[in-house]
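Enquirer: One letter stands for each residue in the lines below.
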Amino acid sequence: MAAQSRVQIVEGNLDSYLASALPATGVLSAAAPLRRGTSLTARRAIRLFEDQALSRALDVTARELKKTQRSYYTISSAGHEQNAILGALLRVTDPCFLHYRAGAWMMARSRQHPGATPTFDTLLSMCASSDDPIAQGRHKVWGSRALWVPPQTSTIASHLPKAVGMAFALERARRAGVRSPLPEHSVVACSFGDASVNHATALSGINAARYAHRRGSAMPIVFVCEDNGIGISVDTPRRWITEAFSQLSHLKYFLAAGDVDEIWDTAARAIDHCRAARAPVFLHLKCVRLWGHAGSDVETTYHSLRHIQEVEAQDPLLKNARRLVEQGAALPATLREILRTTRERVRAAAEEAASRPKLTTRAEVMAPIAPEAQERWRQSAEGRPPDETRERIFGDALPEKATAPSKRTLAAHINSALKDEMGRRPRLLVFGEDVGLKGGVYHVTAGLQHTFGQARVFDTLLDETTILGVAQGAAQAGMLPVPEIQYLAYVHNAIDQLRGEAASLSFFSGGQFQNPMVVRIAAFAYQKGFGGHFHNDNSIGALRDIPGLVLATPSRGDDAAKMLRGALAMARESGRVVCFLEPIALYHEKDLHDDDDEGWLFDYPPPGESLLPGELGVYHADATDLLIVSYANGLRLSLRAARHLERDHGIRARVLDLRWLKPLPHDVVREHAVACGKVLVADECRATGGGVADAIVARLVEGGYAGAMATVRSADSFVPLGPSTAAILLQEEEIVQAARELCA
Amino acid sequence: MRAALFCPGRGSYTKKSLRSLPADHPWVQSAEALRAEYGLTALLELDGAKKFHPPTHLKPSNISPLIYLCTMLDAKTAADEHEIVAVGGNSLGWYTALAVGGALGFEDGFRLVQTMSLLQEEFSAGGQILYPMTDEHWRPSAKLVAGINEAMAEAAGEAFPSINLGGYAVLAGTEAGIETLLEKLPAEERGPTIYPIRLAQHGPYHTPLLQPVAERARKELAKLEFRCPATALIDGMGRIHGPASADPAALRDYTLGEQIYTPYGFTESVRVALREFAPARLVLPGPGNSLGGICGQILALEGWRGIKDRDTFDAVQDGDDPIVISMRRF
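Chain order of the listed sequences is A and B. First residue of the first sequence: 1, per my numbering; consecutive thereafter. First residue of the second sequence: 1, per my numbering; consecutive thereafter.
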């Protein structure tokens, strides 16, 4: 006879107990408490056992299906099933951001939604079928629109900041005077493990919740740390979670351990406290992990058999079965029947689920990543606030009438465009470091807080992970966030919040969940007087390869206003995540060629004018000697270079401003390239993939363009302090030189 | 073989159903005793009539208990032949399901059916109509649904969704509402039938218009003894009431409340049965085969076992392993 697997042994332990257990002498009525003083009734305890048995059967079946390559996910919830208590106690309108061992939680929560089919849904997800109602075959996630469970993979606890963001936004939406899709007393829950809580992102989320509460903000969030004592193969130090989280200020700690009724009562207290106090709670839920980290993990390579058996003896299903029987809440035969029927129906449903279709084409897989709706975007972008609103915002100083140089800069126009958009989009929030009273390091948000109030324009703590987490949570709660990241270098500190979370939400939910946002980022180099890499970062490579993300970078003020309107429309109408890169060095630039020529000042385009992806800027459209392709600071340098080329060398260059760096407008670039016959890409970003030069050239070649080409780029270096920056950044002279060589 | 059982609603007993009842069966005798208590015509007399007399037979207080009784008898047979893993029903069929599943005793089930049918006669103003939402191949039709939405908008306040019935929408309302629907819904031919059709002697069931019925029902049926079912029940919201943990009070509240005046989701209940229990069979006890095609349509909507439309359903039914088992086709 083949040796039994650990799965069979754990199942067998439960079955053996129930086969030999004797009924209690007294019988509890269904409505009676499981023990004196608990709020857990016999009936609810049995329901929990049903949900836990269902979760367990799904885990067992996933492993069975895996043997025949019909399922693709074996990270199980086995040992964590006491989290069903959270599923039962939290309301279906309390959003839950769940980690991957949340099977029983989901089963219990599904009871609150009539018509829910968690068994089949989970099996479809495990089988990666396109019929899976949430990720539609793209990933195994826990998620449901009806149950308010936004999906994510959760493997590195990177979902905590957005959970915090949503808890923050629950109250903020009301203060901003907009209707929230969630009831007033909702709380947010998010779960994670004792190992993943050590991630910087997780700690960032917890810190942000405490900070916000300390600042007086409502922060109704329940952090549920499911502590199974191990992260893959490495034990968590004994009592680590208690030591790390039980003594923190602005975070009420609850330890949920013991029998099911004790855990129930503790969890109920924790949730009640959070709901009443609108304050963050840390619920430390003791769990065990059965059957290793995943199906492929052989636990005997790092744990002794004795240790494994000791853990298995703490199987929550076994403990709960014993508790139910001993308290007289259920007969052993009743629990046996629950297990038998549950296993049977899961096995039967698995056969159907495994037969369901998969995504087969690239287009099918990618469908939710970057939804397009040009007409709606245009319509939305070209809306304008009512005149009386504009009068309230601007008084009699309408920005389009401004003549003072300081009112016609890039910074001034972004500021005015934000005001116009805030005036007509009540869900728009502006937040970040120093954006409030100070009005931003570069004064781009000056006056916004004064005009629109602290509820809509506010300073955050100095943590980009939190800023982007708040953006995601607020967006999922129905707001239209415009967070500011103070410098491009800082986005790299938190980029997974865009890469792994914000941009992936639509993918993991088949477009059912979206987190629309426009992330304003002060970007690029060339600042006069404020040097060094961290304020002059010039690499956008990490942003460019995020699927679905839109990258916009205006070079001049009027473009910026129109592009911001387009970006907000894309976010609002299609849930797109847009990064709006604002060239710091051009914020207050006035001149183009000569001192005081005011060639870089522009009139503010009144509301109603907009720019969308693919709409490029073309300068010297009649020129055909050469095409210079550029963006941001590079555009201004290229225009200067073009003047030199014409004046000193008789070369007339057409200059193209890409404006949108993702998606790149390759077709338009090719048309201009063909018309000119020679192409120079002037890319201010780092040479090695930091910018767009490689992509432009490669696609021109692939697209059949056969003319001459060259690129000039900044060096593959960090940006130094002081005058040395000129040594590594793209310079006007290089553009001129390269252009001459091309045209020689 | 694992099976889910779905009990039929009011349209199931027809002239072909006459002479269904075994006179000597204890349930028939028990039912006759209760009929006598209510002072109503004996069921055996109705069932044994030489001719089907629509005004008499289709009267709610007559047809409902006839269907209940036939269905109960069939369900007992079905339980001998299958492992029944879940029980549901359509409209009146929910009352039968409660008794089949063991949440009500036979007599209480009868009382529920009989009393509700009498109340329906008392509050009979209005009606129900049937209209397709799928094409002749059972594929969802956006055009038909749009037509329904338009007509419903015209009849706003007077007409309501009543039952989500596979490929059909059952709509109900006041007389004025029904008139509007009949006028506004584009005629749709399906074989010899032209939709919309009005269901004879049906009231505006499962709509807010029946709130007073619910109030009366709660009073008149206060003594019904709801119990934990022996088999999982799936109600018209798609909720599962499991044998180990169902709440009899919740079953009562739903049956004598929500179920009466909110739309009944037969489609939802079959969907939940399929997805959560994955039965090998859908067994349809009781007279007629009114739910046979409906279940086929739901299987097609669900894509269950590869069924996509009427043809693929027929192919499965004609094969060695049919899904839908109609116990009587008459």
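Everything labelled a hint here was simulated from the structure, so no lab data went into it. Ideal Cβ positions, reconstructed from N, Cα and C, are used throughout, including at glycine. Do not take every clue at face value.
Claimed, not checked - Selected chain A positions facing chain B (Cβ under 7 Å, derived; list incomplete): (1) Ser39; (2) Arg43; (3) Ile46; (4) Arg345; (5) Asp591.
Unchecked claim - Pair by pair, the computed Cβ-Cβ distance ranges are: (6) Val27/A x Ala146/B: 34 to 44 Å; (7) Ala249/B x Arg347/A: 53 to 63 Å; (8) Gly39/B x Arg179/A: 38 to 48 Å; (9) Gly12/A x Ala250/B: 34 to 44 Å; (10) Ala250/B x Asp297/A: 41 to 51 Å; (11) Pro386/A x Glu136/B: 50 to 60 Å; (12) Ala249/B x Glu344/A: 27 to 37 Å; (13) Gly258/A x Ala250/B: 28 to 38 Å.
Enquirer: Could you run down the list of hints and mark each one as holding or not?
Expert: These are the hints, each one checked on the structure:
1. Contact between Ser39/A and chain B, as hinted, is not supported at the beta carbon level, the nearest pair being about 16 Å apart and thus beyond 7 Å.
2. Restraint check, Arg43/A versus chain B: the minimum CB separation of about 5 Å is within 7 Å; hint holds.
3. The beta carbon of Ile46/A is positioned within 7 Å of a beta carbon in chain B (closest approach about 4 Å), and the interface hint is therefore held.
4. Nearest Cβ of chain B to the Cβ of Arg345/A: about 5 Å, under the 7 Å cut. The hint holds.
5. Among the interface hints, the one on Asp591/A is violated; its C-beta lies about 59 Å from the nearest C-beta in chain B, farther than the 7 Å criterion.
6. About 56 Å separates the C-beta atoms of Val27/A and Ala146/B, a value inconsistent with the hinted range of 34 to 44 Å.
7. A hinted range of 53 to 63 Å for the beta carbons of Ala249/B and Arg347/A is inconsistent with their spacing of about 33 Å.
8. Gly39/B and Arg179/A have their C-beta atoms about 56 Å apart, which leaves the hinted 38 to 48 Å range violated.
9. Restraint check, Gly12/A to Ala250/B: a C-beta distance of roughly 35 Å satisfies the suggested window 34 to 44 Å.
10. Range check, Ala250/B to Asp297/A: Cβ separation about 42 Å, and the 41 to 51 Å hint holds.
11. For the hinted restraint 50 to 60 Å between Pro386/A and Glu136/B, the CB-CB distance of approximately 52 Å keeps it satisfied.
12. Distance hint check for Ala249/B and Glu344/A: the Cβ-Cβ separation is about 29 Å, which falls inside the suggested range of 27 to 37 Å.
13. Distance hint for Gly258/A and Ala250/B: a CB-CB separation of about 29 Å, consistent with the stated range 28 to 38 Å.
Hints 1, 5, 6, 7 and 8 from the earlier list are contradicted by this structure; the remaining hints agree with it.
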